[in-house]
Structure formats: C-alpha cells, structure tokens
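K.L.:
The chain contents come next:
4 protein chains.
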Amino acid sequence: MKNNKIAKLLICCRDRKGIVAKVSNFLFKNGANIIQSDQYTTDYQNGHFFMRIEFDQTNLSISKQIFEKKFSLIAENLEIKWSLYEGKKKKRMAIFVSKEGHCLFDLLWRWKSGELDVDIPVIISNHNDLKLLAEDFNITYHHFNISKENKEDQEKEILKHLYNIDFIVLARYMQILSAKFINHYPSKIINIHHSFLPAFAGAKPYEKAYQRGVKLIGATAHYATTNLDEGPIIEQDVLRVTHKDNPSDLKHKGQDIEKAVLAKAVKWHLEDRIIVHNNKTIVFS
Amino acid sequence: MKNNKIAKLLICCRDRKGIVAKVSNFLFKNGANIIQSDQYTTDYQNGHFFMRIEFDQTNLSISKQIFEKKFSLIAENLEIKWSLYEGKKKKRMAIFVSKEGHCLFDLLWRWKSGELDVDIPVIISNHNDLKLLAEDFNITYHHFNISKENKEDQEKEILKHLYNIDFIVLARYMQILSAKFINHYPSKIINIHHSFLPAFAGAKPYEKAYQRGVKLIGATAHYATTNLDEGPIIEQDVLRVTHKDNPSDLKHKGQDIEKAVLAKAVKWHLEDRIIVHNNKTIVFS
Amino acid sequence: MKNNKIAKLLICCRDRKGIVAKVSNFLFKNGANIIQSDQYTTDYQNGHFFMRIEFDQTNLSISKQIFEKKFSLIAENLEIKWSLYEGKKKKRMAIFVSKEGHCLFDLLWRWKSGELDVDIPVIISNHNDLKLLAEDFNITYHHFNISKENKEDQEKEILKHLYNIDFIVLARYMQILSAKFINHYPSKIINIHHSFLPAFAGAKPYEKAYQRGVKLIGATAHYATTNLDEGPIIEQDVLRVTHKDNPSDLKHKGQDIEKAVLAKAVKWHLEDRIIVHNNKTIVFS
Amino acid sequence: MKNNKIAKLLICCRDRKGIVAKVSNFLFKNGANIIQSDQYTTDYQNGHFFMRIEFDQTNLSISKQIFEKKFSLIAENLEIKWSLYEGKKKKRMAIFVSKEGHCLFDLLWRWKSGELDVDIPVIISNHNDLKLLAEDFNITYHHFNISKENKEDQEKEILKHLYNIDFIVLARYMQILSAKFINHYPSKIINIHHSFLPAFAGAKPYEKAYQRGVKLIGATAHYATTNLDEGPIIEQDVLRVTHKDNPSDLKHKGQDIEKAVLAKAVKWHLEDRIIVHNNKTIVFS
Numbered sequence: 001m002k003n004n005k006i007a008k009l010l011i012c013c014r015d016r017k018g019i020v021a022k023v024s025n026f027l028f029k030n031g032a033n034i035i036q037s038d039q040y041t042t043d044y045q046n047g048h049f050f051m052r053i054e055f056d057q058t059n060l061s062i063s064k065q066i067f068e069k070k071f072s073l074i075a076e077n078l079e080i081k082w083s084l085y086e087g088k089k090k091k092r093m094a095i096f097v098s099k100e101g102h103c104l105f106d107l108l109w110r111w112k113s114g115e116l117d118v119d120i121p122v123i124i125s126n127h128n129d130l131k132l133l134a135e136d137f138n139i140t141y142h143h144f145n146i147s148k149e150n151k152e153d154q155e156k157e158i159l160k161h162l163y164n165i166d167f168i169v170l171a172r173y174m175q176i177l178s179a180k181f182i183n184h185y186p187s188k189i190i191n192i193h194h195s196f197l198p199a200f201a202g203a204k205p206y207e208k209a210y211q212r213g214v215k216l217i218g219a220t221a222h223y224a225t226t227n228l229d230e231g232p233i234i235e236q237d238v239l240r241v242t243h244k245d246n247p248s249d250l251k252h253k254g255q256d257i258e259k260a261v262l263a264k265a266v267k268w269h270l271e272d273r274i275i276v277h278n279n280k281t282i283v284f285s
Numbered sequence: 001m002k003n004n005k006i007a008k009l010l011i012c013c014r015d016r017k018g019i020v021a022k023v024s025n026f027l028f029k030n031g032a033n034i035i036q037s038d039q040y041t042t043d044y045q046n047g048h049f050f051m052r053i054e055f056d057q058t059n060l061s062i063s064k065q066i067f068e069k070k071f072s073l074i075a076e077n078l079e080i081k082w083s084l085y086e087g088k089k090k091k092r093m094a095i096f097v098s099k100e101g102h103c104l105f106d107l108l109w110r111w112k113s114g115e116l117d118v119d120i121p122v123i124i125s126n127h128n129d130l131k132l133l134a135e136d137f138n139i140t141y142h143h144f145n146i147s148k149e150n151k152e153d154q155e156k157e158i159l160k161h162l163y164n165i166d167f168i169v170l171a172r173y174m175q176i177l178s179a180k181f182i183n184h185y186p187s188k189i190i191n192i193h194h195s196f197l198p199a200f201a202g203a204k205p206y207e208k209a210y211q212r213g214v215k216l217i218g219a220t221a222h223y224a225t226t227n228l229d230e231g232p233i234i235e236q237d238v239l240r241v242t243h244k245d246n247p248s249d250l251k252h253k254g255q256d257i258e259k260a261v262l263a264k265a266v267k268w269h270l271e272d273r274i275i276v277h278n279n280k281t282i283v284f285s
Numbered sequence: 001m002k003n004n005k006i007a008k009l010l011i012c013c014r015d016r017k018g019i020v021a022k023v024s025n026f027l028f029k030n031g032a033n034i035i036q037s038d039q040y041t042t043d044y045q046n047g048h049f050f051m052r053i054e055f056d057q058t059n060l061s062i063s064k065q066i067f068e069k070k071f072s073l074i075a076e077n078l079e080i081k082w083s084l085y086e087g088k089k090k091k092r093m094a095i096f097v098s099k100e101g102h103c104l105f106d107l108l109w110r111w112k113s114g115e116l117d118v119d120i121p122v123i124i125s126n127h128n129d130l131k132l133l134a135e136d137f138n139i140t141y142h143h144f145n146i147s148k149e150n151k152e153d154q155e156k157e158i159l160k161h162l163y164n165i166d167f168i169v170l171a172r173y174m175q176i177l178s179a180k181f182i183n184h185y186p187s188k189i190i191n192i193h194h195s196f197l198p199a200f201a202g203a204k205p206y207e208k209a210y211q212r213g214v215k216l217i218g219a220t221a222h223y224a225t226t227n228l229d230e231g232p233i234i235e236q237d238v239l240r241v242t243h244k245d246n247p248s249d250l251k252h253k254g255q256d257i258e259k260a261v262l263a264k265a266v267k268w269h270l271e272d273r274i275i276v277h278n279n280k281t282i283v284f285s
Numbered sequence: 001m002k003n004n005k006i007a008k009l010l011i012c013c014r015d016r017k018g019i020v021a022k023v024s025n026f027l028f029k030n031g032a033n034i035i036q037s038d039q040y041t042t043d044y045q046n047g048h049f050f051m052r053i054e055f056d057q058t059n060l061s062i063s064k065q066i067f068e069k070k071f072s073l074i075a076e077n078l079e080i081k082w083s084l085y086e087g088k089k090k091k092r093m094a095i096f097v098s099k100e101g102h103c104l105f106d107l108l109w110r111w112k113s114g115e116l117d118v119d120i121p122v123i124i125s126n127h128n129d130l131k132l133l134a135e136d137f138n139i140t141y142h143h144f145n146i147s148k149e150n151k152e153d154q155e156k157e158i159l160k161h162l163y164n165i166d167f168i169v170l171a172r173y174m175q176i177l178s179a180k181f182i183n184h185y186p187s188k189i190i191n192i193h194h195s196f197l198p199a200f201a202g203a204k205p206y207e208k209a210y211q212r213g214v215k216l217i218g219a220t221a222h223y224a225t226t227n228l229d230e231g232p233i234i235e236q237d238v239l240r241v242t243h244k245d246n247p248s249d250l251k252h253k254g255q256d257i258e259k260a261v262l263a264k265a266v267k268w269h270l271e272d273r274i275i276v277h278n279n280k281t282i283v284f285s
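Residue numbers (my numbering), protein chains in the order written: chain V, 1 to 285; chain W, 1 to 285; chain U, 1 to 285; chain G, 1 to 285.
Any given hint might turn out to be false.
In this list, chains with the same sequence are indistinguishable; a pair is considered to hold if it fits within one copy or across any two.
[Said to hold, decoys possible] Computed cross-link-like contacts, PhoX-like style, restricted to lysine-lysine with a CA-CA straight-line distance of at most 20 angstroms:
1. Lys112 with Lys131
2. Lys264 with Lys253
3. Lys88 with Lys8
4. Lys91 with Lys264
5. Lys280 with Lys91
For the record, the hints were derived by calculation from the structure and aren't laboratory data.
Given only the sequences and the hints, what does the whole structure look like? Please build it.
P.N.:
Spelled out as structure tokens, the structure:
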C-alpha cells in the first residue's frame, strides 16, 4: 500500500493512564481509520510510552491544519511529543559515498525496483569513482575534494546541494562529518558501519576483527551523532566466518550484511518506524 | 512482572472502524491501565483484525463478572471473538514424552529456574525411561502401554489424569493421538516436530533430511490438529549442517533447536501471545 | 589469489588405505606445492572417499600431459574418479533469466566488482525485460519466445549460443528445461529455487509458504536434474518472517536470500569446491 | 565412533613443500588408516601450516613409543610442533561454577546423554547453590569461599583437587583466576563470556548491551589467558533482541546461546579439533 492515503502518527511521552484511549478516540471521531498500531512502554509504572499509528486519512472529516491544531491540545494535556507524517509526497534522500560502490549499488537497485519508495535527488562523494554508476541511474553526482583544511568550507558547499533533502544516507562514506554538519540533521543521517558495534568502532574494523580472531563479523546501521560510531543503533546483523578468512575475505563477505542492514534501516526510516529515545531506537517493524 | 496484577485481553473480528477506540475506552473508563497493546490487521479494507492487550487490573473499578458482562455487549456489537486471561493462577501443563529426554529435561529446567511460570502436575509416557527424571523434579509420572489395539482405551485412561489441565505439550511423544483426543484440546496441544515443516512431515525426519542432502535442518512447534504435522505453526528454527553430518549427527545437533523452539512456543502460549486463525498463528511476541 | 598458478585436483573413490599418501606423494615428487587439501569419508570402514587439493603448479617438473598420464595410472590402480582444473583460463558462464532482475543484477555486480572471477558471454531469456540491464554491462542478450509447442526447437537454438559455455546459471528462469537439454549439462546447471527445498517445490513457493503460515522462508541453490527441484542441493538459507508478511512481502524479503544463496553456489562452483555424489553435494568451502 | 581406536595427530609448522606427503606416508607405512584429514595454511608462500589427522590405530605396526620416536625425527626435520592424542582414555574435565546453573546443567545433561564423551571428576564453586545439582549427577562438589585476601591460598587448595584433570571449564564462574593459576593450564581453561567479544568485556555485559541499545546479544567461548576476556576465541553466536527486552530479558534469552556456544567449544576441545596460534584458534570442525 504505497499510496498517499496512509498517514503515520508517532508519539512519545511519560506513561500515564488513558493515552491509548484518548488518542484512538481522537482519530476515530475525526474519521481516521487505524490500520496498524504499535505501542511500547519501558516500564508501566514509571516509564516512557511510545506509540506508532498508521491510519487511512481518506475519510478524515477535518483538514490537516485543524487535525494538527486539535491534536496539539490533547498532546499538550498529556505532555506528548509527536510527529505526523502525511505521506503525501515521497521523502528525499541524499546518498554520500566514497570509493566503494556495493551499498550505493544495492540502494539504487532497491530504489529502481520499487522496494524503496523514495526520491534520490543527489549523490555526494569525495571521489569520482562512482560517478558513472550514478549516471547510469540518472542521479546528479557532486564531487568534492575534502581535506582537513577545507572540510568546513566544503561542508558548507555540500549543504547548498541538500536544501530540500529529508535525510542522508552515508553508504560507506569514509569521511567524518563535522559536529556542525551533523547537528543540522538530528536523527536524519543514517550511517552503515562495517562491524558489530560497539566492537571495532573507528577505522579498519575488518582488519581488527581478523586480528582478534572473531568467529562472526557484523554490520551496524545507526543514526550519526557527534560521537563517532556511538549514535543510536537501528539495525545489526552478523555473518559466520572461520580461521580461513583473511581480512580481504572478511571485507568481501561483510559487504553482503552491510547492504542488507543498511537497506533495512533506510526502509524503516522511510516508513517512519523508528523513534529515537536516550540514544537508543524503538523500531516498530 | 510475573504477578497476578496483569490480565490479557485477546480480540479477533472483521476489521471495521473504531475498534481500538472503543476497546481502549472501555478499559480506561473501568480503571484498567494498558501496559502493552499489539494489533494486526490482515488487510485494512476487508480483512481480519486481531488485538492483544495487557493491562494492570489493580485499580479496576468493577468486578470481573461485571467487566465480562459489559465487555460482552461491546463485543456483540462489533462481532468480536474475545478471551480474557486474568492471570490470577498459573496455567497447568501436562507433558507427554516417549523415550527421548532432551525436551523434557529442558522444559523442567526452565520451569525450575523460574523461566516458565507454570504448574506441571503430570507427565504421561508410553515408556518408563524418563520416570526417574520426573521423580528428580518431584512430578507425577504415569506410564501407559500403548498399542494399536488399546489406544482408544488408554487415551480414556490418560484423560482421567488430565481433568484439571489447561494445555498439553508433546515433548517428543512418538505416538499419534486419536482425533477424538485431539478434539478435546483445540489449540491446546503443542507438538514439537523435528523438521522444518512442511518438509519431512511424518516419521524419521532426520533420516529423510540426510537422504535429501539439505544444508539446514529444522524444528517446528505447532498446535496439534487431526491432520498430522499440519496444525498451525507457532515457531520454527533451523541449524546449519554439512555433508559431514550423518543421520546420528543431525539427530544430536537437532536436539538443540527442538528444545529452543519448543520452549519459545510454550512460553508464548503461557503468556497468551498466540491467536489461531485459519490454521495459522498470529504471535504477538 | 586469483591467478593462473593454482590448480585443483578433485578425487572420488571407494575408501581404502593409503590414498592420501599416494596422491600427496605424487604431487610432491612432481613439484606441486599443496596449498589447501580437504578430505571427507562417508564411513571409514566401507565408505566413499572424497578429496580436493589446491596446489601451486608454478614449479611442476612435468607437463600437464605427462601429469595427467602419470596420475591416470595411480587413479586406475586405486579406482579413483578424478578431475583436474588447471585454472589457466576463466570459466564461461551463461545466465538464463525471465522477468525478475534481482539475481541477475546481483551476479553482474559481483562479477563487475571482481568477486566472481568468470566470463559471462551471454544472457538468455524468454522475455525482453532485462535486455537493457544486460546492455548496461555490455553482455550479449538473446531473447527467445518459448511456448509448449516450440520449446524443443527453441532449446536447440539456445544451445547454438552456448557452444563454448562451461556452465549455466538459472537466475530465476521461470521455464522448465527439457530433459534433453539438462542432460547436456550434468552438474553444470545451477538453479535457484525460492523456497527451502524440499518444502514448496514447484510453482509459487511464496504463496504456498504464506498459506502454510511458516515462520521462516528459504532459498535453495541446486544442480538441475531432470526431476524438477530434486537435484543435488548446493546451498540453502532462510529468513525470519511473521504473520504480518503477506505473499508480496515474502517475495520481496526472499529476494535477499535468493541472491546470497545463488552467489555462494556460483562462487563454489567457480572455485571447483563441489563434488556431486548420490544426488547430494560435498562442498569443500 | 566413540571408541579407543581413533587417534588424532595435530601439527603446526612453517609452511614448506612436502609436509602432507611426508606425514601421510609415515602414517601409511606404519599401518595407520587416515579417516579424516584437515589442513590450513595462513599464506602458502610464507605462512604457517596446520593439520589435523584422525586415524584408525587398530592395525598400527609399531608401538606408541616407537611411533612417537620415529615421528619425532620427521618433525624435527620439518620443524613441526605436534601433539598425538591416542584417545584410549576419556579426558577429565573440571567444571567451575558460581551461582547460576544453566551452563552447568546443560553440560551435565549432554554428558549424561552421551553427547560429551568425558569424565567429570569434580565441580568447584565459590558458592553452595549448585551443590544439590551436582549431587543429583553424583559428581563431587567442592565449595571454596573466595575473597581478595584468601584467593591465592584458596587457588592452591583448589589445585589439589585438580591433580588428574586434563582441562577446566568455567561455566559462568564469576571469579577472576590469578595469572599463576591460569598459567598452569595454557589453552586448557575454556571460559564462556556472556557477550559478543570484544564488545562488552568485563563485568555486567547484559546491562552494558541494554544501555548501548544493541539489536543482537552474543556469547563467546574462549581459552582463558591472563588478559581478561582477551584469550583466543573458540566459538561465538548471537541472538536477536529488540527494544522491548530489558536487562533481565537479555540475561534470560542469552542463557540459551551461552549454553550452546560453550557446549560446542567443549565438544571441539574434547575431540582435539582446536589449535591455538597467535592468540587465535584454528578450529577443524
């Protein structure tokens, strides 16, 4: 049901009695038909309450403006933080890459085959290696030389190309973004790290995994924060390896889980299934 | 929170507008505090609606009788099938075994260590092999010789020992129960089959798996119905094997997933997380 | 080490004493340096013996012709069936597809990125849908309309395009090949089936999986034989699904394991890691 | 084939030509029938060579003493480090536990059911909690109060009970052993750590995993060295968790992989399948 009838309402607040009743009543009375509702409470006696509701907005009896105004009153009363995603237009995703193309390729294929319902206005890279690939898919590709010295300026330039972007995917972008840049996009930059975090954070995780002699390698998709590789984890997966695998084998085998893990995270983000709370994610998948 | 404060309400009906609102309102108005709610609709335009609600009944403003009476009116109106599990006393589980003890042992350990919050008044077997094990755990063990000729009579005898039982677990019970017996316990007999159903239904699944040369072996927990190995699947899992594994290796390795899969199914059943519909399960895990 | 120095010797015979000694001695005396040897015996007292040896042929003291002649004598004596793969030129792989492109796309990416060390002279299809994709990768694409009536003739035509092909990959080719065609390529046609065989053989496995309510879906790569979906299994994997997944979800999610399982099978075939025996595979991975 | 006919020869040396030939020849000439041979070379041009050979010693034409003497000559010549495991008597395993019984229980069940072919002369603990369990299985149980102050002395006492022990399993033994103690048993103490190492080394890994919000939890079996949780990893596995799981859920769910991972490591150790090299393991499983 990839259509513009479906809206999503995400809610986060301190738990208290009657939230489900009040919210679902509000929706029912205003003509919204709940399709899917998911709820989670950290601790029912003193905890946090999270809810995601998908509803059909076809027969809404009020305009979006009035809906929001009215719901604000309920939300204020219950001290709810909330987001409404109407889904009337596709999200716009920028992809950042360096030299390695497997994640980019995978995302583009999923996009082209209809699995990822998104617009991709731009690909940004500090290298030219993947320019042809972007062109094959008719996507604008901007190349920026990035050094320690020019990073601040270049990031400003990059931002100009992102003015209408909803979120960013770092598809093996081997640069560290500045805190300033990251703070522009809270919970809106998805990074794929090629290890099972928190193991092997930072550079060269496959080499470190080889040195340590682990029997599984992993990949982690997380929202980038200003603490490198310490942002809220969205998804992780692992793959069995053996003593026979050298660092190059790990790197090749690992690409398959990097792709799969990143694709899941992007899909959940697109479908507004993720709530970030206390540097962790609630994923209503 | 293994206490008697928590009740569960399970609901199943044709989808229509306002179910969530009406049910959650009813609970709120009568002092029930929703702790966890899960919901699923097969198809939001013409489908079936399923919901499981956990609520704290400490501050219920009405008695159970009145709660049920009042809710019946709502349910009738919305054509809802529903079950209320008060959780005030432990469920009572009978375990049926033959000669192999790994699943029994695993269940008893999980029970003794507090993981399975259940009473186990009786173990039934067509062999004496596991009698000592039952005695180690102070559980009554009844042995019944079973043959084609005496099965009907013996099942009658067995039923006498099950008069206060809530559900039955076939923990590698190698006998086929009669339709009559099974019909006493609709969606209340959990069987573990040592293959990834529907592959290798019936006898000797590991031998068949070996002959076919599969690269994974599996286990399936399902509710027993009168169609052998065709009941609603509750849980499945698999394990990697190689050409090196002979049937005996498969059997030994498979025991680990049999135990794990059965334990999950029993746990979900105990926690009223399973709804059976059209010979399939909705598991709100 | 993707170079032409490495040869592989595959051996299959009734088990008897001294095989390892005689074969390794022969290699040593003729200047072959064993890099990797794997061995497996079904039953050491009356079973079958299988061995795969990778050796560096740089310093072979004899020509290939003499090597083969001399080794034939040993092999005759020990009643060994054997194959020698010199690895001096790349294998040539034809890919057959229908309309769905995910497996083709994945194989082409792995090929282009150097993961699959193979030549792909031709793609065959009964549809035109993937022609552009093939062209993007500069691979010849032949389209053949296939019906019950013309299948025999069309297969003859197809064979003309395969004259210098080493093996065939059916990357979701939705046609059943004739026995005649299959017999041209014993253990040389790799098919990917979108279920965990032997469950859901034949058409529409995802629909069948949905109907049955399984909790895992699978994919199976096997060598095609004249018995549909009953050939020797090379690799299998599964993916967890829930009651929420409809047939279309299963189909989309399943594509990821189809790709991964097929890629592994193709890689092992390329590296001569598979021995077929009694409709099963020994995979020295 | 759990009998005393099968011996195992493990070999480790710098790679050079002819090792396989010379070793297999030696075995053949002296009447040893190779049942299974596994081999691995880190890098065939300058690397390390590892081999494990299982052979039937029934028809050995020489005594063990002469076998060892003769093989020493070959080994010296090739600079091989080697171990011969005759398998004529069962290995003797001590188990160390604290309060939690799941790993102990699992090991004892596998032992009693014949899956682990081992003798268990003694269980050591710093608590009395599992004494009854040990007694159920008729195994001697020694309790030692351990504090910072008395640790050195108590370890000396413990050692007295281990005089005829081949290896030690730390089945959730929550004490840190002294370097002195560990050095008595190089590559002979198997520890199970309840995380996916190197993530969450040290105390309270489930709490740390919960804080970090990981989507998988893990368990790691490794040989204890004097660097806490940094010894050679034998086996690892993971389990999917969600935001719903609190630390207590993680702990309960994690027990299943702790048991499975530890059991595999113990089995491989018993079958002499593990070679330790450079703080990593080669596992010929």
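K.L.:
Decide, hint by hint, whether the structure agrees.
P.N.:
Right, here's what the structure says about each hint:
When the C-alpha separation of Lys112 and Lys131 is checked against a cutoff of 20 angstroms, the pair qualifies both within a copy, at 17 angstroms, and between copies, at 15 angstroms. In this assembly of identical chains, the alpha carbons of Lys264 and Lys253 lie at most 20 angstroms apart whether taken from the same copy (18 angstroms) or from different copies (10 angstroms). Taking the closest pair of Cα atoms, Lys88 and Lys8 come within 20 angstroms of each other only inside a single copy of the chain (11 angstroms); across copies the shortest separation is 37 angstroms, beyond that limit. In this assembly of identical chains, the alpha carbons of Lys91 and Lys264 lie at most 20 angstroms apart only when taken from the same copy (16 angstroms versus 35 angstroms across copies).
Within a single copy, Lys280 and Lys91 get their C-alpha atoms no closer than 23 angstroms, and across copies no closer than 36 angstroms, so neither meets the 20 angstroms cut-off.
Hint check: a violation occurs at hint 5 only; the rest are consistent with the structure.
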